[in-house]
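Student: What follows is each chain in one-letter form.
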Amino acid sequence: MSQATLRIQKISGHAGPVPGEGMARDTKDKQVCKLVDVTTCIGCKACEIACQEWNDLPFAKTSFDNTYQTMPDTAWNYWNLIRFNEHTRDDGGFMWLMRKDQCMHCAEPGCLEACPADGAIVQYSNGIVDFQTDRCIGCGYCITGCPFNIPKFHPATHKVHKCTLCADRVAENLEPACIKSCPTGCLHFGTKDDMLDLANRRAKQLRKDYGFANAGVYDPAGVGGTGVIYVLHDTTNPEIYGGLPKDPHISWAVKLWKHPLKWLGNLAMIGGAIGLFTHYLRYGPKLEHKNGNGASAGGAQ
Amino acid sequence: MSGQANLLPNNRVLRYTFRERLIHWTAGISYVYLLLTGLAFWTPWLFWIAVVLGGASISRMLHPWAGLVFVFAVILMYGMWSAQMRETAEDKAWWDAMRFYISNEDEKVPPAGRFNGGQKFLFWSFFWCGIVLLLTGIVLWYPQEFPEAVRLVAIFIHPVCALATIGLFMLHVYMGTAYERGAFGSVIRGDVSRDFAMRHHRTWFEEILRQASAKQ
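Read top to bottom, the protein sequences are chains A and B.
Okay, so the first sequence: first residue is 1 according to my numbering, each after it adds one.
Okay, so the second sequence: first residue is 1001 according to my numbering, each after it adds one.
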């Protein structure tokens, strides 16, 4: 239960202002959003460490493959990863691209759509999509449902884990740990409206003053918009940022399975049972013995 | 097995050997577990089944293993029955007269061998669905080991095949218990009455009688 409403507002017999006054953001009843401005990320990995620390995740082994990326992929115990790519532009220009990868907190989450377990994945009123590990049954359907390849199995418990957008901090009107640690101001947190406004102004600045004609905001409509948005130098080509999908959406296979197939299947099963029962009422059994007791007339109307 | 050994006292005929019955019930019992846990994952309205069966995590853990048992039994059935399940001209005539079978006008149904056209259809449908369910099931068992495209195909095809088998299963259970009196006993105790053998599997029964009289 959030204690945000119990934050001290006035204080008796106290010299000076209330400690902590004005420190908390008002995100009550609003969609929260994380803004990642990839154009100002320096790849320092402070957010990765902050995430590990706040979420009390165990030390994870890093791997070195001649890039500035901590490990090849996010993991059950590593929810926040700066993806690195050396990119050569069409004009010959060379760029180091750093993108903070984590759960996107989709408005229409594919993981939640695919999950069969009652209450294992929830979406809070502030838009955060959260896994309830005690209710997770370990089927892994969310892994297939997610268009961003985010949920990861714990090898021993077989439960899935991912970024919570620090729901516990946000509930207390604090910003997520990654935001708190960012030294360049590349990460921002607030309401979706505020973050979109900020992102669009930054994208406009990139287009006007820095010569990135395709600069823009990544807030994919295919999943109803996301709780994590990016400012990219080039929105026409998001794949260069460590494989950010161009048009993420819940796959047709998952939609077909969860909607038409489900209803057709249920109707067929119920219809089949009714059909067989009706057949029995109409024609009755084929008896084992020709002149068995209560032999059916064979088609009694 | 045919001939004298099939003719039992009290006008009974041996229809299924112990081995056949054992394999049938290995498949049958594992299938029922797969059906119940599968339905729990299929729709939230039936999720309670998994709760009744010891919790959904346990259902998720055991469903694939039960699947291996089922497919193992189906493969044994293939070895045991595939030769007898080959489609014959007799089956074609049986299918053409199926409406009489449905309406219990059995005298108009052409004679069948050990397995009639419908039973052969059931066997091959279960066999092929079992193979596809196994392949897609392995993908769903270890989703993190397979590329997205493969997982998406598996997540859709697995329930499609499962639904097909559910239809067959309902039909099979109805016919094996309520509709075809004597059939359930045959897969439990192994034997049927001569009337049953004569009515439903005349070609098979006549062959048994012929072999039995040839021996004497």
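None of these hints come from the bench; they were simulated from the model.
Glycine included, every Cβ here is placed at the ideal spot set by N, Cα and C.
Any given hint could be a false lead.
[Unchecked claim] No farther apart than 25 Å at their CA atoms in a straight line, the calculated lysine to aspartate or glutamate pairs in the DMTMM-like style are these:
1. A:K159 x B:E1145
2. A:K152 x A:D134
3. A:K246 x B:E1090
[Unchecked claim] Derived coverage of chain A by chain B (criterion: at least 3 residues anywhere in the stretch with Cβ under 8 Å from a Cβ of chain B; other residues may be distant):
4. 71-77
5. 170-180
6. 265-277
Student: Evaluate each hint against the coordinates.
Tutor: Results of checking the hints against the structure:
no.	hint	result
1	A:K159 x B:E1145	holds (15 Å)
2	A:K152 x A:D134	holds (16 Å)
3	A:K246 x B:E1090	violated (58 Å)
4	71-77	violated (count 0)
5	170-180	violated (count 0)
6	265-277	holds (count 7)
In summary, the numbered hints that this structure violates are 3, 4, 5.
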